[in-house]
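**Student:** In the UniProt record's numbering, the protein residues as written are 1 to 905.
Careful: at least some of the hints might be erroneous.
As the list claims (entries may be wrong) - Heads up, simulated DSS-like pairs for lysine-lysine below, C-alpha to C-alpha not over 25 Å straight-line:
(1) Lys663 with Lys638
(2) Lys299 with Lys205
(3) Lys698 with Lys683
(4) Lys205 with Lys301
(5) Lys202 with Lys283
(6) Lys284 with Lys205
(7) Lys354 with Lys446
(8) Lys200 with Lys249
(9) Lys202 with Lys277
(10) Lys277 with Lys205
(11) Lys465 with Lys488
(12) Lys793 with Lys806
(13) Lys249 with Lys279
(14) Lys446 with Lys301
(15) Lys249 with Lys205
(16) Lys446 with Lys283
(17) Lys465 with Lys299
(18) Lys354 with Lys299
(19) Lys64 with Lys381
(20) Lys645 with Lys279
(21) Lys283 with Lys249
(22) Lys446 with Lys299
(23) Lys284 with Lys465
(24) Lys202 with Lys465
(25) Lys301 with Lys279
(26) Lys301 with Lys354
(27) Lys683 with Lys663
(28) Lys283 with Lys200
(29) Lys228 with Lys252
(30) Lys607 with Lys465
(31) Lys283 with Lys465
(32) Lys645 with Lys284
(33) Lys447 with Lys465
(34) Lys793 with Lys698
(35) Lys66 with Lys381
(36) Lys277 with Lys301
(37) Lys455 with Lys202
To be verified - FRET-style restraints, in silico, Cβ to Cβ:
(38) Gln346 with Ile479: 56 to 64 Å
(39) Phe590 with Arg765: 21 to 29 Å
(40) Trp466 with Val629: 55 to 63 Å
Rather than coming from a laboratory, the hints here were simulated on the basis of the structure. In this text, a Cβ means the ideal position worked out from N, Cα and C, and glycines have one as well.
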Amino acid sequence: LQQSVISWKQREAEIQAASDTFGTLDGGKTMKRLCQNLPRRPVSRYSLTFILTVLSCSCPALGKKKLYIGALFPMSGGWPGGQACLPAAQMALDLVNNRTDILPDYELELIHYDSMCDPGEATKLLYDLLYTEPIKIVLMPGCSSVSTLVAEAARMWNLIVLSYGSSSPALSNRQRFPTFFRTHPSATLHNPTRVQLFQKWKWTKIATIQQTTEVFTSTLDDLEERVKEAGIEISVRQSFLTDPAVAVKNLKRQDARIIVGLFYETEARKVFCEVYKEKLYGKKYVWFLIGWYADNWFKIKDPSINCTVEQMTEAVEGHVTTEIVMLNPETVRGASNLTSQEFLAQLMSKLGGKNPEETGGFQEAPLAYDAVWALALALNKTVGPLRAKGHRLEDFNYNNRDITAEIYRAMNTSSFEGVSGHVVFDAQGSRMAWTLIEQLQGGSYKKIGYYDSTKGNLSWYGNDKWIGSGPPADQTVVIEEFRYLSQKLFVSVSVFAGLGILLGIVCLTFNIYNSNVRYIQNSQPYLNNMTAVGCMMSLAAVFPLGIDGLHVHRKQFPIICQFRLWLLGLGFSLAYGSMFTKIWWVHTVFTKKDEKKDKKKHLEPWKLYATVGVLLGIDILSLMIWQIVDPLHITVEKFTREAPKGDLDVLIQPLLEHCNSEKMNTWLGEQNTSSTCVVYGYKGLLLLLGIFLAYETKSISTEKINDHRAVGMAIYNVAVLCMITAPVTMILSSQQDASFAFASLAIVFSVYITLVVLFVPKMRRLITRGEWQSDAQETMKTGSSTNNNDEEKSRQLERENKELQKIIQEKEERVSELRNQLSERQALRSRRRASTITNQNHSPPPFSITQSDPRSLAPPPGYPAPASDPHPVPQSFANSSSLYQSDSKISRNKCHTSRLQLLYK
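Make a model of the complete structure from these sequences and hints.
**Tutor:** Dropping the structure here:
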C-alpha cells in the first residue's frame with residue numbers, strides 16, 4: 001500500500017505538471033493520455049477510493065459520455081451541399097464540446113456519410129447508421145429527397161431528424177413526419193414574399209412554370225392558395241419534366257407577363273434559353289426565380305443548351321429572386337459567441353481558401369452550423385427534466401420514447417440567435433426566417449429589400465430598376481374606348497333634316513292657307529296636313545338618332561332611346577297612314593260593282609280620319625305595351641381588341657352603345673334570327689298592301705281625291721326605301737356611321753320625295769293657273785265647270801256605249817232568226833225542185849225580209865233618223881257573209897273592234 005501511494009503521488013505530480021503545461025493549450029488531451037497510462041493492477045478498497053478521488057480532481061475529461069449524431073452530407077450529386085456544410089458542422093461541434101455550460105458531461109460526435117443527394121444511396125446508408133454501433137441519438141440529412149426518406153423512417157426508431165438543407169414544403173406535414181425539424185426554411189417561405197411583391201406592384205394576374213418534382217409542386221400548391229386569398233389569379237400554369245420548350249411557348253401564346261419559375265439551376269438554363277428564343281423577356285415581362293442559384297449560374301457553359309452567354313445574359317436581365325436569409329445581416333453575437341462575419345472568416349480558413357462560388361452548399365453552411373447548435377442546446381435543455389424522471393441521455397435507445405419526447409419538446413421550443421439569424425421553429429418544425437429580395441441589374445444581383453414573414457414587415461431599399469419606365473403590367477393593358485358617331489356626318493344629315501322640316505312647314509302652311517281652293521279641297525287637305533306633320537316628326541327623329549354618349553350622360557341615354565322610338569313610330573303612322581287611307585278609299589270605291597258604286601259616290605271625311613286614327617292608335621298601343629313590358633335600356637357591344645400604332649403595351653377595346661331591350665327580337669327582330677318581329681311585321685304588311693293598292697288604282701280617275709296617283713307614287717318610294725333600310729340597318733348595327741347614314745338618309749329621302757310629290761304639283765298648278773285664295777269664286781266656277789263637263793261627257797259616253805251594245809245584241813238575234821229562215825227555205829226549195837220545175841220562175845227570192853222590228857232599226861238616242869225606208873235591213877246587216885264568219889256569234893261584250901270604235905265615236 002505504501003509503495004502504491006508513493007507511485008500514485010509521483011503520477012499525480014506528473015499529471016499536475018502536464019496539466020499546468022498543456023491543459024489550457026489542447027483542451028486536456030495530454031491529461032487524458034497520462035490518465036490512460038495509470039497502472040492497471042489490483043488495489044485495495046482504500047486505494048480505489050483514493051484513485052477515484054484523484055481522477056475526479058485531475059482527469060475531468062475522462063468522465064464525459066459520447067452522444068453520436070448520424071449525418072448524411074451530399075458531397076456530390078445534384079446538390080453537393082456537404083462540401084461547405086460538413087466543415088461548418090464540425091466547427092460547431094468543436095465549439096460545443098469545449099463549452100462547459102453546454103452538455104458538460106457529454107461529448108457530441110459526428111458519424112457522417114456521403115448520400116450524393118440520392119434517395120437510393122441514402123437508403124443503404126440509413127441502414128448502416130441504424131444497424132451499426134453506436135446508437136445515434138439524432139439524424140441529420142441534407143437534401144429534400146433524402147430528408148423525406150429519412151424522416152419518414154425515423155419515426156419507427158423514435159429518432160429526431162434535424163435537417164440543414166431541406167426546403168421541400170412536403171416535409172411540413174406533421175402527420176407524415178412527426179419528429180422532423182429543419183434549420184433551412186421551407187420553400188413555401190418564398191410565397192408570402194412573392195405575394196407581398198405582387199401586391200406592392202399592383203399585379204393581379206400571374207403565370208407559373210415548374211419542374212415536375214415534389215418540392216416545386218408542393219411550393220406551387222401553397223402559392224396558389226396564398227394568391228387566391230390575396231385576390232390574385234394564376235392564369236397560366238405550365239410544367240415540364242426535362243424539356244421546357246413547349247411550356248415556354250404556351251406561356252408566350254397565352255400572354256403571360258408575370259412569371260414565377262420553380263426549377264433547379266440546370267433546368268433554369270434550359271428555360272431561359274427557350275425564353276430567349278421566344279422573346280419572352282424585356283420590359284413587358286418579369287421573372288421570379290429561386291435565389292439559391294449560384295451568382296453566375298447563367299454564365300456557366302452548359303452542353304445541353306445552344307444559347308451563348310450573351311444571349312442568356314440578355315434573357316435573364318431584370319429578373320427578381322427571393323432567397324431565405326441564411327446569414328445574419330446584423331453584427332450580433334449569438335449562442336456561439338461569433339458574428340456572421342467571424343463565422344465566414346473561420347469557414348474560409350477551414351475550406352483552405354476554396355472559391356465560395358465553386359463550393360457546394362456555401363450559402364447553406366450557416367444553416368448547418370446553427371443546426372448543430374440547435375441540437376446541442378436542445379439536448380442540454382433535456383438533461384434536467386430527464387434526471388428528474390430518472391433518465392439520462394446516454395440511456396437512449398431506439399425503443400425509449402420518453403427521451404425522444406423530451407428532445408422533441410426541447411427542439412420545438414428552441415429560440416436563439418445564430419449566425420444565420422434568429423433560430424425558431426414553427427408548429428411544423430420549419431425554420432422561420434427573413435427573406436432576401438434581389439434583382440439582376442447589369443449582370444449582377446442587387447439587394448432591393450427584405451421581408452419578415454413573421455411580422456409581415458417589408459423593408460424596401462427603393463433601388464429596383466426596370467427596363468421600361470416602371471414595373472410592367474401583369475397583362476396587356478386594355479383601354480376601353482367608346483365608338484361615337486362621326487360629327488361631320490351627324491351635322492351634315494342634321495342640316496338636310498332641318499331643311500326638310502322647313503319644307504314641311506312650308507307645305508303645311510300652303511295647304512292650310514289654300515284649303516278653300518276647290519282643287520286643294522278635292523285632294524283631302526286634312527289628310528295632307530297629317531302627312532306633312534308625320535314627315536316633320538320623322539325628320540325630327542334623325543336628331544336623337546345621331547345623339548350618343550358623346551353628347552349626353554349614360555344615365556340620360558335611355559330617354560334619347562325613347563325619343564327615337566316614339567318620334568319615328570308616330571311620324572311614320574301619320575305620314576304613311578294618311579296616304580294609305582287615301583289609296584285604300586279609292587280602291588274600295590272604284591273597284592266595286594256598278595250597282596254599288598252609286599252608294600259610295602259621296603265620300604264622308606270622318607271615315608278617312610277614323611282610318612288614320614285606327615292606324616295611329618295601333619302604333620301607340622303597341623309602343624306603350626313595349627315600353628311597359630320591356631323598356632329600352634343601354635347595352636354595350638364589345639368588338640375585337642385593336643393594337644394601337646407604336647410599341648405600346650396596350651390594346652384598344654372598342655365599345656358601342658345600343659338602345660336595346662330584353663326581347664328586342666320579338667319587337668323588331670335581328671339579323672340571323674327567325675323570331676317574330678311585331679313592329680316590322682305590322683309595318684311591312686302595311687307597306688306591301690300599300691304597294692298593291694297603288695298598283696290597282698293607277699288608272700282610276702276621281703274628283704274626290706284628285707292626287708291619288710301622286711300618293712301612289714309616294715307610297716312606292718316609301719315602301720321600297722323602308723324595306724331596304726330595315727334589314728340593312730340591322731346588319732350594319734355594329735357600324736355606327738354606316739348604320740346612321742343609311743337610316744337617316746332613308747328617312748330624309750322618303751320625306752323629301754313625299755313632300756315634293758304631294759305638294760309641289762299643287763303649288764305649281766296654283767302658280768301657273770293663278771288659282772289663289774283671292775280668286776276663290778272664279779276658281780270654284782271654272783274648276784267646277786271644267787270638272788263637271790269632263791264628268792258629264794264620260795257618263796254620257798258610257799250610257800251610249802251600253803245602248804249600242806244592246807242594239808248590237810238585238811241585231812245579232814235578228815240575224816240568227818233570218819239565217820234559220822233562210823236555211824228552212826233552201827231546204828224546202830230543194831225538195832220542190834225535183835217535182836215542180838215549171839214553177840221555178842214563180843218562186844220567191846232567196847233572201848228577203850218581209851217584216852222588221854222597228855225598234856231594232858231605231859237610231860241610237862241623240863242620232864238623227866235615216867232618210868230612206870227604215871224597214872228594210874241595211875246593206876251592212878243584209879250582207880252577212882261580209883260581216884260574220886260561218887257559225888260565228890258576237891257576244892254582248894265582244895264586239896268587233898272597228899265597230900266598237902265607230903259606235904263609241
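**Student:** Hint by hint, say whether it matches the structure.
**Tutor:** Structure-based check of each hint:
1. Lys663 with Lys638: Holds - the C-alpha atoms of lysine 638 and lysine 663 are around 20 Å apart, at most 25 Å.
2. Lys299 with Lys205: Violated, because 31 Å separates the two Cα atoms, which is more than 25 Å.
3. Lys698 with Lys683: holds, 22 Å
4. Lys205 with Lys301: Violated, because 34 Å separates the two Cα atoms, which is more than 25 Å.
5. Lys202 with Lys283: Since the Cα atoms of lysine 202 and lysine 283 sit roughly 16 Å apart, the hinted pair holds (cutoff 25 Å).
6. Lys284 with Lys205: holds, 14 Å
7. Lys354 with Lys446: Within the cut-off at roughly 24 Å; holds.
8. Lys200 with Lys249: Outside the cut-off at roughly 28 Å; violated.
9. Lys202 with Lys277: violated, 29 Å
10. Lys277 with Lys205: holds, 24 Å
11. Lys465 with Lys488: Violated, at about 48 Å.
12. Lys793 with Lys806: holds, 20 Å
13. Lys249 with Lys279: Roughly 10 Å separates the two Cα atoms, so the pair holds.
14. Lys446 with Lys301: holds, 23 Å
15. Lys249 with Lys205: holds, 18 Å
16. Lys446 with Lys283: holds, 18 Å
17. Lys465 with Lys299: The given pair, whose Cα atoms are some 21 Å apart, holds under the 25 Å limit.
18. Lys354 with Lys299: Roughly 20 Å separates the two Cα atoms, so the pair holds.
19. Lys64 with Lys381: Judged against 25 Å, a Cα distance of about 17 Å means the pair holds.
20. Lys645 with Lys279: holds, 20 Å
21. Lys283 with Lys249: With Cα atoms ~18 Å apart, lysine 283 and lysine 249 stay inside 25 Å; holds.
22. Lys446 with Lys299: Holds, because 17 Å separates the two Cα atoms, which is no more than 25 Å.
23. Lys284 with Lys465: holds, 14 Å
24. Lys202 with Lys465: holds, 16 Å
25. Lys301 with Lys279: holds, 21 Å
26. Lys301 with Lys354: Answer holds: lysine 301 to lysine 354 is near 21 Å, not above 25 Å.
27. Lys683 with Lys663: holds, 18 Å
28. Lys283 with Lys200: Given that 25 Å is the threshold and the Cα spacing comes to 18 Å, the pair holds.
29. Lys228 with Lys252: holds, 23 Å
30. Lys607 with Lys465: violated, 86 Å
31. Lys283 with Lys465: holds, 11 Å
32. Lys645 with Lys284: OK: lysine 645 and lysine 284 at ~17 Å, within 25 Å.
33. Lys447 with Lys465: holds, 11 Å
34. Lys793 with Lys698: holds, 21 Å
35. Lys66 with Lys381: holds, 17 Å
36. Lys277 with Lys301: The hint holds at about 18 Å.
37. Lys455 with Lys202: Holds, because 21 Å separates the two Cα atoms, which is no more than 25 Å.
38. Gln346 with Ile479: 56 to 64 Å: holds, 60 Å
39. Phe590 with Arg765: 21 to 29 Å: holds, 23 Å
40. Trp466 with Val629: 55 to 63 Å: This hint holds: roughly 56 Å between Cβ atoms.
The structure fails to meet hints 2, 4, 8, 9, 11 and 30 from the earlier list, while all remaining hints are met.
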